[in-house]
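Trainee: So the chains spell out like this:
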Amino acid sequence: MSGGISLGHYLPGNSFFHQLNPRIKVPSLVIILATLFAVTSFPALLTMIVLVFLMFRLARVPFRYLLKGLRPILYIALFALFIFLFFTKGGVVLFRLGPLTVESAGLWQGLFVITRLVTLVLFSLLLTLTTTPLSLTHGLGYFLKPLGRIGLPTEEVVMIMAIAMRFIPTLIEESQRLMRAQVSRGADFESGSIFRKAKNLVPLIVPLFVSAFRRADELAMAMEARGYRLGAKRTRLHEDVITATDWAVLLVVLVMLAASFYFKL
Amino acid sequence: MYIGTSKLTHTYWPGTPFAADALKNISFSVGQGTFTLLIGPSGSGKTTLIQHLNGLLKPSAGEVYFDGKKIGPDKAALLALRRRVGLVFQMPEDQFFSETVFDEIAYAPRNLGLDEKKVEERVNRAVAQVGLERSRLLDRHPFQLSAGQKRRVAIASVLSLEPEVLILDEPAAGLDPEGKGNLLNLLSSLNRAGKITIMVSTHHLDEIAALADNLVVLNEGGLVMSGKTKEILARGAELKELGLALPQVTGIMHELAARGLPVSTDIYSLSAACDEILQAKRADQR
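Those protein sequences? They're chains A and B, same order as listed.
Just so you know, we're using the numbering used here here: the first sequence kicks off at 1 and counts up by one.
Just so you know, we're using the numbering used here here: the second sequence kicks off at 1 and counts up by one.
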């Protein structure tokens with residue numbers, strides 16, 4: 001049942017960032033990411049890194065969650081660094097390997113780009129670690145609303161996304177249960193050639209599909225029984241209110257973006 | 001020790017804010033050929049404990065034993081264990097994936113690497129064991145069966161491993177009274193005639209108590225008590241505190257005794273209750 005955590009990344013808590021309104025958090029992240037691309041100097045970038053670490057402290061996220069979140073981009077970062085090292089020329093020659101040279105401009109550029117990448121991921125991680133997938137979906141849904149004017153069923157799209165999010169852990173749990181059940185009947189999901197492995201998965205996938213369809217059917221029935229209708233105007237149990245703190249946060253990130261442009265940091 | 005655990009502890013999602021102790025320091029053992037009931041309210045750790053007995057989970061601390069040997073972590077030993085200890089999951093018909101009942105039951109023996117002739121023998125034996133040999137349903141699709149038949153096919157699909165121990169997780173869940181009755185008869189005959197050690201988890205005592213030699217009571221991941229059925233059921237007040245109702249007949253016997261009819265209260269099958277009441281009445285009339 002290890003899947004309960006790695007997916008969605010959400011870490012329950014009650015910190016300042018957990019309480020921010022998702023309708024503010026999502027655009028704030030976008031503005032911060034824009035700021036990251038606007039800054040061009042190392043001191044400015046380092047300030048952003050210090051900022052994100054302070055924010056993680058404030059959100060009370062253990063350090064290993066950062067490492068876990070950064071692991072997927074390790075290879076991209078190394079690859080980017082490699083490209084810059086060997087293909088960006090300028091400055092002093094630091095290192096020579098046959099026809100290839102590493103020059104100082106390349107080193108600086110490479111370091112700058114991967115630092116920017118890491119900071120970018122850390123800020124995004126802060127959002128997903130402190131926001132439940134469900135409220136994130138509703139936050140995103142709010143910004144989809146204008147598309148309703150041109151006939152897109154935004155309410156329904158958000159509902160679909162929310163339901164999908166809701167059932168990811170359920171399906172993971174279900175698949176683990178099924179896997180154990182078939183293993184206890186002598187199934188082997190680990191050894192054999194790739195074709196053999198694929199064939200061995202049939203006893204897992206068929207019941208998983210059957211239960212997913214049955215669940216979908218039951219859910220649709222339950223929703224209709226409780227009065228869900230397509231296109232109906234819907235209200236929410238927890239109406240989120242945008243507080244003064246939320247506006248202040250938005251203002252701060254806007255000022256950061258403006259400053260990075262104005263002072264050419 | 002035939003099957004048992006020693007100071008078994010299991011923690012889900014260790015080292016995260018989600019960490020939860022599903023089992024705490026559980027030690028118990030049952031003998032070969034016995035019928036054991038594992039009872040406890042929902043969420044008491046029954047399913048987790050059962051999966052440990054089949055080597056499907058790794059203990060966070062403590063040990064699990066089968067036939068005098070410690071279970072795990074060696075993979076070959078685990079495979080051997082699963083041949084000898086069959087496990088029927090909760091709602092086992094959710095695992096069906098084959099196009100015919102035959103293939104469903106043949107899945108386990110085929111996984112053992114037996115040839116088709118032996119597989120067929122085993123399927124036929126398993127079908128006979130669960131009492132479906134006359135219904136000629138081997139060629140039908142598993143989803144076409146009734147709920148009771150599905151449950152029997154699911155049990156047959158584990159019996160085809162020919163295990164010495166059969167563990168069932170809430171086997172009566174979702175069955176109607178008739179299906180439940182049939183299931184109890186089946187379990188009883190597997191235990192008595194088939195000489196299979198049986199362990200059943202349930203949160204509902206009732207008629208099944210009459211079959212059990214031993215009771216193991218769990219609550220919130222801890223072992224509350226374990227021992228002979230009679231001894232445990234005599235502690236009815238403690239069971240009630242855990243939200244576990246005594247079997248209905250036992251409750252009636254307690255009521256009767258409280259109202260002055262001289263009957264013994266450690267009775268948990270309907271027929272024994274009938275005999276006892278009749279005897280008490282006759283003594284009364286004399």
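It should be emphasised that the hints constitute simulated quantities derived from the structure, not laboratory data.
Small disclaimer: the values here were computed from a predicted structure and weren't measured.
Any given hint might turn out to be false.
What the hints assert, rightly or not - Computed cross-link-like contacts, DSS-like style, restricted to lysine-lysine with a CA-CA straight-line distance of at most 25 Å:
1) B:Lys58 <-> B:Lys24
2) B:Lys230 <-> B:Lys240
3) A:Lys197 <-> B:Lys58
4) B:Lys7 <-> B:Lys75
5) B:Lys58 <-> B:Lys118
6) B:Lys117 <-> A:Lys199
7) B:Lys230 <-> B:Lys195
8) B:Lys69 <-> B:Lys7
9) A:Lys197 <-> B:Lys75
10) B:Lys69 <-> B:Lys117
11) B:Lys70 <-> B:Lys195
12) A:Lys199 <-> A:Lys145
13) B:Lys58 <-> A:Lys68
14) B:Lys24 <-> A:Lys199
15) B:Lys180 <-> B:Lys195
16) B:Lys281 <-> B:Lys24
17) B:Lys118 <-> A:Lys199
18) B:Lys281 <-> B:Lys230
Trainee: Decide, hint by hint, whether the structure agrees.
Mentor: Going through the hints against the structure:
1. Taking the CA atoms of lysine 58 (chain B) and lysine 24 (chain B), the gap is about 14 Å. The hint holds against a cut of 25 Å.
2. For the hint pairing lysine 230 (chain B) with lysine 240 (chain B), the CA-to-CA distance comes to about 16 Å; that is within 25 Å, so the pair holds.
3. Of the supplied pair hints, the one linking lysine 197 (chain A) and lysine 58 (chain B) holds, its CA atoms being roughly 24 Å apart against a limit of 25 Å.
4. Of the supplied pair hints, the one linking lysine 7 (chain B) and lysine 75 (chain B) holds, its CA atoms being roughly 23 Å apart against a limit of 25 Å.
5. A C-alpha spacing of about 33 Å is found between lysine 58 (chain B) and lysine 118 (chain B), which places the hinted pair above 25 Å, so the restraint is violated.
6. A distance of roughly 23 Å separates the Cα atoms of lysine 117 (chain B) and lysine 199 (chain A); the hinted pair therefore holds under the 25 Å criterion.
7. The hinted pair formed by lysine 230 (chain B) and lysine 195 (chain B) meets the criterion: a straight-line CA distance of about 22 Å does not exceed 25 Å.
8. Simply put, lysine 69 (chain B) and lysine 7 (chain B) have alpha-carbon atoms about 15 Å apart, close enough for the 25 Å limit, and the pair holds.
9. For the given pair, lysine 197 (chain A) sits about 18 Å from lysine 75 (chain B) by alpha-carbon distance, which is consistent with the 25 Å threshold.
10. A threshold of 25 Å between alpha carbons decides the hint, and for lysine 69 (chain B) with lysine 117 (chain B) the separation of about 33 Å lies outside it, so the pair is violated.
11. Distance check on the hinted pair: lysine 70 (chain B) and lysine 195 (chain B) sit about 23 Å apart at the alpha-carbon level, within 25 Å; holds.
12. The straight-line distance between the Cα atoms of lysine 199 (chain A) and lysine 145 (chain A) is roughly 44 Å, outside the 25 Å bound, and the hint therefore fails.
13. Of the supplied pair hints, the one linking lysine 58 (chain B) and lysine 68 (chain A) holds, its CA atoms being roughly 24 Å apart against a limit of 25 Å.
14. Between lysine 24 (chain B) and lysine 199 (chain A) the CA atoms are separated by roughly 39 Å; this puts the pair beyond 25 Å, and the hint is violated.
15. A hinted pair counts as satisfied when its Cα atoms are at most 25 Å apart, and lysine 180 (chain B) with lysine 195 (chain B) qualifies at roughly 21 Å.
16. Only pairs whose Cα atoms come within 25 Å are accepted, and lysine 281 (chain B) paired with lysine 24 (chain B) is rejected, the gap being roughly 48 Å.
17. Between lysine 118 (chain B) and lysine 199 (chain A) the CA atoms are separated by roughly 23 Å; this keeps the pair inside 25 Å, and the hint holds.
18. Straight-line distance between C-alpha atoms of lysine 281 (chain B) and lysine 230 (chain B) comes to about 24 Å, which keeps the hinted pair within the 25 Å bound.
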